[in-house]
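Participant: So you can see what is in the structure, the chains are spelled out below.
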Amino acid sequence: MSMPFYVSPEQLMKDRADFARKGIARGRSVVVVGYDDGIAFATVNASRALHKVSEIYDRIAFAAVGKYNEFEQLRVAGIRYADLRGFSYDRSDVRARGLANAYAQTIGAAFTTDSKPLEVELVVAEVGASASEDALYRLSYDGSVADLRDHVVLGGDAETLGAAVAERWRPGLTLKEVLRLAAEVLAHGDEQRSVPAEDLEVAVLDRTRARRAFRRVGNRELATLLGVATDEGPDS
Amino acid sequence: MTQDHARLPAAFGRPGSSSFVDFVAEHAPHLLPSAAGGEGVVGGVPHGTTIVAATFDGGVVMAGDRRATAGTHIASRDIEKVFPADEHAVVGIAGSAGLALELVRLFQLELEHYEKIEGRQLSFDGKANRLATMLRSQLGLALRGLAVVPLLAGLDPEVGRGRIVSYDVTGGRYEERDHHAVGSGAAYARGSLKKRWRRGLDGDAAVRVVVEALVDAADDDSATGGPDALRDIWPVVVLVTPAGAVRVSDDVLASVTGAVLTERREACA
Numbered sequence: 001m002s003m004p005f006y007v008s009p010e011q012l013m014k015d016r017a018d019f020a021r022k023g024i025a026r027g028r029s030v031v032v033v034g035y036d037d038g039i040a041f042a043t044v045n046a047s048r049a050l051h052k053v054s055e056i057y058d059r060i061a062f063a064a065v066g067k068y069n070e071f072e073q074l075r076v077a078g079i080r081y082a083d084l085r086g087f088s089y090d091r092s093d094v095r096a097r098g099l100a101n102a103y104a105q106t107i108g109a110a111f112t113t114d115s116k117p118l119e120v121e122l123v124v125a126e127v128g129a130s131a132s133e134d135a136l137y138r139l140s141y142d143g144s145v146a147d148l149r150d151h152v153v154l155g156g157d158a159e160t161l162g163a164a165v166a167e168r169w170r171p172g173l174t175l176k177e178v179l180r181l182a183a184e185v186l187a188h189g190d191e192q193r194s195v196p197a198e199d200l201e202v203a204v205l206d207r208t209r210a211r212r213a214f215r216r217v218g219n220r221e222l223a224t225l226l227g228v229a230t231d232e233g234p235d236s
Numbered sequence: 001m002t003q004d005h006a007r008l009p010a011a012f013g014r015p016g017s018s019s020f021v022d023f024v025a026e027h028a029p030h031l032l033p034s035a036a037g038g039e040g041v042v043g044g045v046p047h048g049t050t051i052v053a054a055t056f057d058g059g060v061v062m063a064g065d066r067r068a069t070a071g072t073h074i075a076s077r078d079i080e081k082v083f084p085a086d087e088h089a090v091v092g093i094a095g096s097a098g099l100a101l102e103l104v105r106l107f108q109l110e111l112e113h114y115e116k117i118e119g120r121q122l123s124f125d126g127k128a129n130r131l132a133t134m135l136r137s138q139l140g141l142a143l144r145g146l147a148v149v150p151l152l153a154g155l156d157p158e159v160g161r162g163r164i165v166s167y168d169v170t171g172g173r174y175e176e177r178d179h180h181a182v183g184s185g186a187a188y189a190r191g192s193l194k195k196r197w198r199r200g201l202d203g204d205a206a207v208r209v210v211v212e213a214l215v216d217a218a219d220d221d222s223a224t225g226g227p228d229a230l231r232d233i234w235p236v237v238v239l240v241t242p243a244g245a246v247r248v249s250d251d252v253l254a255s256v257t258g259a260v261l262t263e264r265r266e267a268c269a
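As they're listed, the protein sequences go chains A and B.
According to my numbering, the first sequence is numbered sequentially starting from 1.
According to my numbering, the second sequence is numbered sequentially starting from 1.
Check before you lean on any hint, since a few could be wrong.
[To be verified] Sample of chain B residues with no beta-carbon within 10 Å of chain A, all distances over it, derived:
hint, residue
1, 24
2, 112
3, 117
4, 197
5, 268
[To be verified] Short derived list, chain B residues pointing at chain A, Cβ under 10 Å:
hint, residue
6, 8
7, 9
8, 18
9, 27
10, 29
11, 105
12, 106
13, 113
14, 115
15, 172
16, 174
Treat the hints as calculated values from the structure; they're not laboratory data.
C-beta atoms are modelled at their ideal positions from N, C-alpha and C, and glycine is treated no differently.
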């Protein structure tokens with residue numbers, strides 16, 4: 001075996017981080033915002049089959065940006081983790097915190113030991129009985145976890161879009177208001193005036209639903225909520 | 001590599017399977033029921049008894065009595081043996097109660113797991129086949145006296161009507177027409193269903209038919225529990241319509257059961 005050239009650990013980590021960051025920034029952003037009755041997820045995604053937002057468990061959802069095959073594998077692993085845990089203990093013992101930890105270890109291990117880091121950024125969200133009990137974890141490509149409140153933007157130009165959301169978000173917004181906010185922020189990120197409802201992938205964790213809080217918001221309902229359909233009832 | 005210990009095992013990320021049962025069998029087989037670790041027939045454990053199901057216009061209904069027996073004594077007066085399997089299917093169980101309840105829990109999880117991973121529900125035949133496979137894997141337990149006999153009913157969106165599927169302990173699945181019953185009181189319940197069921201029933205009428213079948217079963221089978229007005233314990237009845245699988249409320253069942261009993265009382269007077 002030949003001796004590899006010496007690369008300092010700092011340089012190695014920096015190269016890996018740059019590589020992962022570039023991959024993630026190429027994708028479209030996902031906006032995650034809390035509203036009075038839950039947490040809403042919105043992203044620009046023309047595909048109806050390849051989702052970026054998914055249900056993990058009764059009160060837990062997952063949103064991701066980056067390489068589809070990598071985050072799809074993490075999504076399936078998360079569902080298996082949650083279902084196995086709920087089966088061997090109880091449904092109420094499946095929490096977002098445990099899942100976020102498992103993801104952090106997995107992504108972190110890949111970052112330091114695998115031949116290439118995972119080019120993904122995730123959000124694990126959980127709705128509680130009230131907005132103050134909601135949980136929102138952002139996981140970065142290096143396995144670091146951020147425990148956030150209220151809203152977060154992933155991927156693309158996350159910083160600019162995140163600032164735009166932070167500026168306009170306030171507690172107690174309704175679903176309609178946060179979806180309009182998300183749609184406008186996403187359109188701005190795409191340098192367009194507006195994004196057509198059929199190009200948006202929108203889902204919610206609705207705390208008022210009995211067991212499975214996750215629900216996808218279909219095109220027609222979304223158009224009504226965004227107020228773009230002219231034949232619908234009066235919109236405020 | 002200390003970090004690798006905390007990492008999710010490789011089996012979690014492996015693509016290809018949407019089955020929770022297959023995943024558990026590979027990754028954590030100790031969590032599944034198994035016949036290993038003993039021989040001979042196991043007796044004295046609680047058994048669930050009668051389950052009835054009937055189709056009607058726009059759906060299907062399933063009902064179960066509330067009794068579990070262990071030999072000649074009553075192990076439970078308020079056990080529940082009928083469960084929504086998902087939004088469009090309902091499963092009821094007769095036989096060894098502990099294993100049957102575990103089978104239901106696993107079956108519900110299997111359907112939900114598939115739905116979450118694939119993004120769509122299994123077809124009705126897919127659900128029926130999965131249940132058959134799960135039963136077959138428990139044949140060893142059945143041979144030791146711990147048989148589980150489920151009854152599956154649901155709406156099949158592809159044919160647009162309710163369907164009922166019964167099973168034997170080997171995992172054999174049999175499509176039933178119109179109505180069916182399983183468990184110790186099944187013979188009496190089937191007799192009742194044959195006379196009371198008609199084509200073109202609506203949901204309310206179908207609830208009455210299955211409740212009456214259970215009353216008939218409880219009348220002649222000691223292991224089937226009748227309606228218990230003393231303790232307000234009524235059968236568990238689940239209606240499956242295009243709007244979903246919904247358990248009928250106790251208030252409705254109290255009045256339906258009351259009507260059936262009043263009619264019987266008048267007939268005897």
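Participant: Work down the list of hints and note, for each, if the structure agrees.
Facilitator: Hints versus structure:
1. 24: violated, 7 Å
2. 112: violated, 8 Å
3. 117: violated, 6 Å
4. 197: holds, 32 Å
5. 268: holds, 43 Å
6. 8: holds, 5 Å
7. 9: holds, 9 Å
8. 18: holds, 9 Å
9. 27: Cβ of residue 27 of chain B sits 7 Å from chain A, so the hint holds.
10. 29: This interface hint is violated because 12 Å lies over the 10 Å limit.
11. 105: At 7 Å from the nearest chain A Cβ, residue 105 of chain B passes the 10 Å test, so the hint holds.
12. 106: holds, 7 Å
13. 113: holds, 5 Å
14. 115: This hint holds: residue 115 of chain B lies near chain A, its Cβ roughly 9 Å from the closest one there, short of 10 Å.
15. 172: violated, 27 Å
16. 174: violated, 29 Å
Hints 1, 2, 3, 10, 15, 16, counting from the list given before, are not met by this structure.
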